[in-house]
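Peer 1: Here the sequence shown stands for residues 247 to 602, where the numbers follow the working numbering.
Hint data in this document are derived by calculation from the structure and do not stem from the laboratory.
There may be inaccurate statements among the hints.
[As the list claims (entries may be wrong)] When the alpha-carbon atoms are kept at most 25 angstroms apart in a straight line, the in silico PhoX-like pairs for lysine-lysine are as follows: (1) K441 <-> K375; (2) K360 <-> K496; (3) K496 <-> K518; (4) K518 <-> K476; (5) K476 <-> K496; (6) K375 <-> K360; (7) K476 <-> K441.
[Stated by the list, open to error] Derived CB-CB ranges, DEER-like: (8) P402 <-> K360: 14 to 22 angstroms; (9) T560 <-> D475: 29 to 37 angstroms; (10) T478 <-> A526: 17 to 25 angstroms; (11) P321 <-> D438: 38 to 46 angstroms; (12) D438 <-> D473: 15 to 23 angstroms; (13) P295 <-> T582: 28 to 36 angstroms.
Just so it is clear, the structure is predicted and the values come from calculations on it, not from any experiment.
Glycine included, every Cβ here is placed at the ideal spot set by N, Cα and C.
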Amino acid sequence: MKKLLALASAVALLAGCGGTPPAPTAMPTTPTTTGLLPTGVPTEGTRPPADALPPPAEPGRAPVPATTPPGRVVPVGDSPEGVVVDAVTRTVAVAKRNPYELVLMNADTGAITKRVPLPGAVRHLQLAKPGGPVLVPVESANALVRVDLPGGTAEPQIITGTVPHDASEAPNGSVFVANEHGGTTTVIRGDDIVKVFTDSVQPAGMAPVGNLMGMLDVRKNDLTVYDADKLTIVGSTPAGDGPTHLVADKHGRYVAADTRGNAVRVFSTEPKEVASVPQAGAPYGIAYDATRDRLWVASSATNEVVGYDVATDTPREVARLATVQNPYTLGVDTTTGRLFVAGVSGGLVQIMNPPA
247 MKKLLALASA VALLAGCGGT PPAPTAMPTT PTTTGLLPTG VPTEGTRPPA DALPPPAEPG
307 RAPVPATTPP GRVVPVGDSP EGVVVDAVTR TVAVAKRNPY ELVLMNADTG AITKRVPLPG
367 AVRHLQLAKP GGPVLVPVES ANALVRVDLP GGTAEPQIIT GTVPHDASEA PNGSVFVANE
427 HGGTTTVIRG DDIVKVFTDS VQPAGMAPVG NLMGMLDVRK NDLTVYDADK LTIVGSTPAG
487 DGPTHLVADK HGRYVAADTR GNAVRVFSTE PKEVASVPQA GAPYGIAYDA TRDRLWVASS
547 ATNEVVGYDV ATDTPREVAR LATVQNPYTL GVDTTTGRLF VAGVSGGLVQ IMNPPA
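Between the sequences and the hints, there should be enough to build the whole structure, so can you do that?
Peer 2: Printed below as a string of structure tokens:
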């Protein structure tokens, strides 16, 4: 642990820490990666040529809603983005800026219970497992922070790579971190980095199906699957025109929001696309309720969330709800079905109970 912390400190001094994630730069085609690499850690994969690739898909910008959306809103502070709901501890976690904090809320009352200081900007959160901790990839600190629930104690940060965008834990405890501007995926066991995959250009959304971790690359526009036990690359497949975020359902499928392609896409773990449905409005944030087998996808450009039944490969729309402005991320309480939608423009979290 001391050795890892020393490495983290050294890399942090070299990398610096800005107030916001650094802007992407032109990426050369020859090196394995453009980002930070820990010493003495095995790597796998070769970064493909990137000069001719399209830019990453971005969420839409929606106008202020003309009518009051359903439910109620809780002001949480500037630019909330990244929501996760833990049904075990009845806690909602939301990342915000100015200052950088993880806001903890009671899932039943909506009351803010704690504000946890963070070392930088965050856009996405995941639960390591039911009961926590929350995995907090801090983009501008190049680090992963774990925050326990419901107390909100933050563990020491682990330097993972350049601009960690998303992090996800496999059932065996391996944590995969997508370092978006470094083209790497770091694997952590305990507090130790045990593998770095260098086959990406701009890795982003992640989700596990059993011991298989799925990862979307927002420049290559594909889905890659890694074996979390063997720490090997399983394979990859095209994932639409501009996928951004990923979840897994209880049927062993990956589901991606294709933001630029205005679609929701479903994949097997081979991986292979097995179904898709259109969704207008730059679908971006995505959440899954395993209790109800309900998928929720936020249309960032139209202030809506769309609910799908995913009992079969092809999602079937069952609900469409108005939201606060620019619903970039959302979470769902698998006990009650309640939705928590972060409106990045208004500094609000919308709480609503969708129809059964």
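Peer 1: Is the straight-line distance between the alpha-carbon of K476 and that of K441 25 angstroms or less?
Peer 2: holds, 11 angstroms
Peer 1: Should the hint that T478 and A526 are 17 to 25 angstroms apart at their CB atoms be regarded as holding?
Peer 2: violated, 38 angstroms
Peer 1: Do D438 and D473 keep their Cβ atoms within the hinted range of 15 to 23 angstroms?
Peer 2: This hint holds: roughly 19 angstroms between Cβ atoms.
Peer 1: Is the hinted range of 38 to 46 angstroms satisfied by the C-beta distance from P321 to D438?
Peer 2: Because 40 angstroms falls inside the window, the suggested range holds.
Peer 1: Measure nothing beyond the straight line between the CA atoms of K441 and K375; if it is 25 angstroms or shorter, mark the hint as holding.
Peer 2: holds, 21 angstroms
Peer 1: Taking only the CA atoms, is the gap from K476 to K496 under or equal to 25 angstroms?
Peer 2: holds, 23 angstroms
Peer 1: Between the alpha carbons of K375 and K360, is the straight-line distance 25 angstroms or under?
Peer 2: holds, 21 angstroms
Peer 1: Between K360 and K496, does the CA-CA distance stay at or below 25 angstroms?
Peer 2: Violated, at roughly 32 angstroms.
Peer 1: Can the suggested window of 14 to 22 angstroms be confirmed for the beta-carbon pair P402 and K360?
Peer 2: holds, 19 angstroms
Peer 1: Between T560 and D475, is the Cβ distance one that fits in 29 to 37 angstroms?
Peer 2: With Cβ atoms ~31 angstroms apart, the hint holds.
Peer 1: Is it true that the CA of K518 sits at most 25 angstroms from the CA of K476?
Peer 2: holds, 21 angstroms
Peer 1: Range hint 28 to 36 angstroms: satisfied by the CB atoms of P295 and T582?
Peer 2: violated, 48 angstroms
Hint compliance for this structure: hints 2, 10 and 13 are broken, all remaining hints hold.
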